[in-house]
Amino acid sequence: MEKTLISAVHFVENAAKKFGDKTAFEDAENSISFNELRLGARSVASGLMKSVKTGCEHPIIVLMPKTVGAIECFMGIMYAGSPYAPVNYDAPAARIAKITENLKPSAIITDKAGADKLSDTPLDVKIFLFDELVKTPRDDDGIDRVLRNVCDLDPAYIMHTSGSTGVPKGVTVSHRGVIDYIEWIVDTFPVTEKSVIGMQSAFHFDNSVFDMFAALYTGAKTYLIPEALFMYPDKLTEFLADEKISVIFWVPTVMINVANSGALEKTPLPDLELILFAGEVMPNTQLNIWRKHLPRCMYVNMYGPTESTDIATYYIVDRDYENHEVLPIGIPCANMKALILNDENKMCETGEQGELCIGGSGIALGYWNAPDLSAKVFVQNPLNPYYNERIYRTGDLVYKNEEGNIIFLGRRDSQIKLRGNRIEMGDIEAAAAAVEGIKSACALFDAPKQEIVLFIETDAQINARKFKMTLQGYIPKYMVPARIVTMEHFPHTPSGKIDRTGLRKSYIEGE
Amino acid sequence: MEEIKNTLREFICKTFEIGDDPDFTDDVHLFNEGFVDSFGAVEIIHFIEQTYNVQITQKDITLYPMNTVEEIAEVVKSKL
Chain A
4 MEKTLISAVH FVENAAKKFG DKTAFEDAEN SISFNELRLG ARSVASGLMK
54 SVKTGCEHPI IVLMPKTVGA IECFMGIMYA GSPYAPVNYD APAARIAKIT
104 ENLKPSAIIT DKAGADKLSD TPLDVKIFLF DELVKTPRDD DGIDRVLRNV
154 CDLDPAYIMH TSGSTGVPKG VTVSHRGVID YIEWIVDTFP VTEKSVIGMQ
204 SAFHFDNSVF DMFAALYTGA KTYLIPEALF MYPDKLTEFL ADEKISVIFW
254 VPTVMINVAN SGALEKTPLP DLELILFAGE VMPNTQLNIW RKHLPRCMYV
304 NMYGPTESTD IATYYIVDRD YENHEVLPIG IPCANMKALI LNDENKMCET
354 GEQGELCIGG SGIALGYWNA PDLSAKVFVQ NPLNPYYNER IYRTGDLVYK
404 NEEGNIIFLG RRDSQIKLRG NRIEMGDIEA AAAAVEGIKS ACALFDAPKQ
454 EIVLFIETDA QINARKFKMT LQGYIPKYMV PARIVTMEHF PHTPSGKIDR
504 TGLRKSYIEG E
Chain B
204 MEEIKNTLRE FICKTFEIGD DPDFTDDVHL FNEGFVDSFG AVEIIHFIEQ
254 TYNVQITQKD ITLYPMNTVE EIAEVVKSKL
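Residue numbers (the numbering used here), protein chains in the order written: chain A, 4 to 514; chain B, 204 to 283.
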């Protein structure tokens with residue numbers, strides 16, 4: 004009889020017992036078995052516990068490339084009782100400094116290149132080199148003591164998403180959220196010990212929770228696909244075939260690129276069985292191309308903000324969808340519930356449009372160190388006057404169709420999704436306005452072209468490419484606008500605000 | 204090697220309308236520094252496969268960095 008799971012790290016304990024020396028994770032250079040992962044992670048935990056504060060109030064940042072070593076860090080941090088906080092390895096030092104300031108972690112684990120990047124930025128935090136940390140002799144008694152005291156509502160991880168004021172928000176997710184999500188997804192879809200999962204997600208996106216923990220729960224192997232391959236769709240499919248990948252959980256942008264490139268015609272993928280996707284809207288045209296070439300696969304459209312432990316609802320695609328139809332986001336997962344509320348906080352009727360609010364065990368604990376921000380969106384379920392029940396207001400507009408499936412319509416605010424990345428326009432504007440010589444900035448999304456246009460008010464001569472490079476010093480590359488429009492004076496509305504509608508009409512829609 | 208680099212430089216310069224930007228050197232990161240977008244990567248690989256009659260495999264992409272003119276030319280040279 005397996006132990007009831009209380010901490011997500013129990014997945015590692017159970018997997019080491021059950022699957023032992025079988026390969027768990029592989030990257031371009033290294034692979035690691037379930038046993039090796041358990042031992043490596045316990046060494047990382049021991050090194051942390053020896054020299055810094057650990058426990059549920061002391062998160063630890065991981066700044067590592069997409070390698071098996073990063074997974075040893077995450078699991079090690081959880082063995083030490085702390086939440087792990089994966090940060091974009093390519094993020095500029097200034098961005099990492101902002102995250103560190105808000106998170107107040109007790110340490111950052113990184114590699115040599117990461118430490119070099121941070122060397123010019125004054126951070127009041129201890130920095131560990133992974134290569135050294137993983138060699139720490141194990142303190143198994145100490146770790147087992149931590150595991151006996153862990154509570155399933157303690158934070159397991161903290162993932163950062165774009166914030167509208169330029170400060171990233173640290174979404175804090177519990178062990179219970181991770182455990183219930185993974186048990187649901189593995190029980191619902193065919194992932195087994197024989198599966199090979201092809202991991203697309205970077206660790207700082209929560210799709211990585213599936214790639215890591217589904218392997219640990221089932222004994223499957225997860226291949227950490229090198230990021231460079233995603234630029235070359237036909238090499239990517241060649242990789243899937245060579246490595247006999249059977250399960251993928253990707254963002255639609257990657258699936259769209261593969262479908263458009265014709266790579267599916269060139270390379271047969273007989274091993275591929277299960278295709279999950281989430282993070283943005285999947286267009287029917289490209290989904291139908293996948294379905295045509297790989298008709299035996301199961302396709303699942305998934306939906307979930309980071310605040311809901313990766314996934315909140317799902318829809319198993321059972322037919323081709325025409326271009327004018329919308330692919331549903333379906334029904335809630337077993338441990339979640341979905342409420343559609345109108346402006347009066349009443350449940351919407353079938354077909355009536357409202358805000359999607361999510362409840363259940365996967366709801367995040369809140370935003371780290373941001374109680375006011377948390378209180379705005381993590382609220383008491385207005386339909387439940389009897390006992391405490393938190394729901395998360397997603398800000399997404401939806402309705403329920405006759406079949407009972409939820410249909411996604413769009414956002415209530417200026418948050419956008421670009422190639423699977425969630426971006427607040429205010430985040431970009433704050434970065435641009437911080438550049439010397441810029442008086443004001445306004446970012447707008449050109450939805451048909453799927454690109455961000457940044458308007459800057461300045462008297463200076465601006466070289467667009469160089470200005471983009473400057474922005475990359477403050478914000479991640481995926482947030483950098485595609486187009487820069489400079490002007491000496493912004494148009495204003497009668498109330499004195501920047502005339503966003505006017506800018507949109509003249510420069511985006513008017514073309 | 205010099206010849207491969209020249210051919211590559213010329214192709215990239217023309218295709219991605221770089222002009223005479225002094226920052227466009229053999230060891231500049233083409234994608235991070237904004238000279239080529241991610242869709243352009245496919246065009247570059249297609250160009251070298253056609254021009255030099257070589258096959259760039261998924262293993263090449265996985266194992267070798269191909270982000271600069273220098274690095275791409277290195278991979279091409281090893282195939283000739």
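These are calculated hints, taken from the structure and not from any lab test.
C-beta atoms are modelled at their ideal positions from N, C-alpha and C, and glycine is treated no differently.
Watch out, some of these pointers could steer you wrong.
Which residues of chain A face chain B? A partial, calculated answer using Cβ under 8 Å [unchecked claim]:
| no. | residue |
| --- | --- |
| 1 | Ala31 |
| 2 | Pro229 |
| 3 | Lys238 |
| 4 | Tyr402 |
| 5 | Arg468 |
Against the structure shown, which of the earlier numbered hints fail to hold, in ascending order? The structure conflicts with hint 4 only, although it agrees with all the remaining ones.
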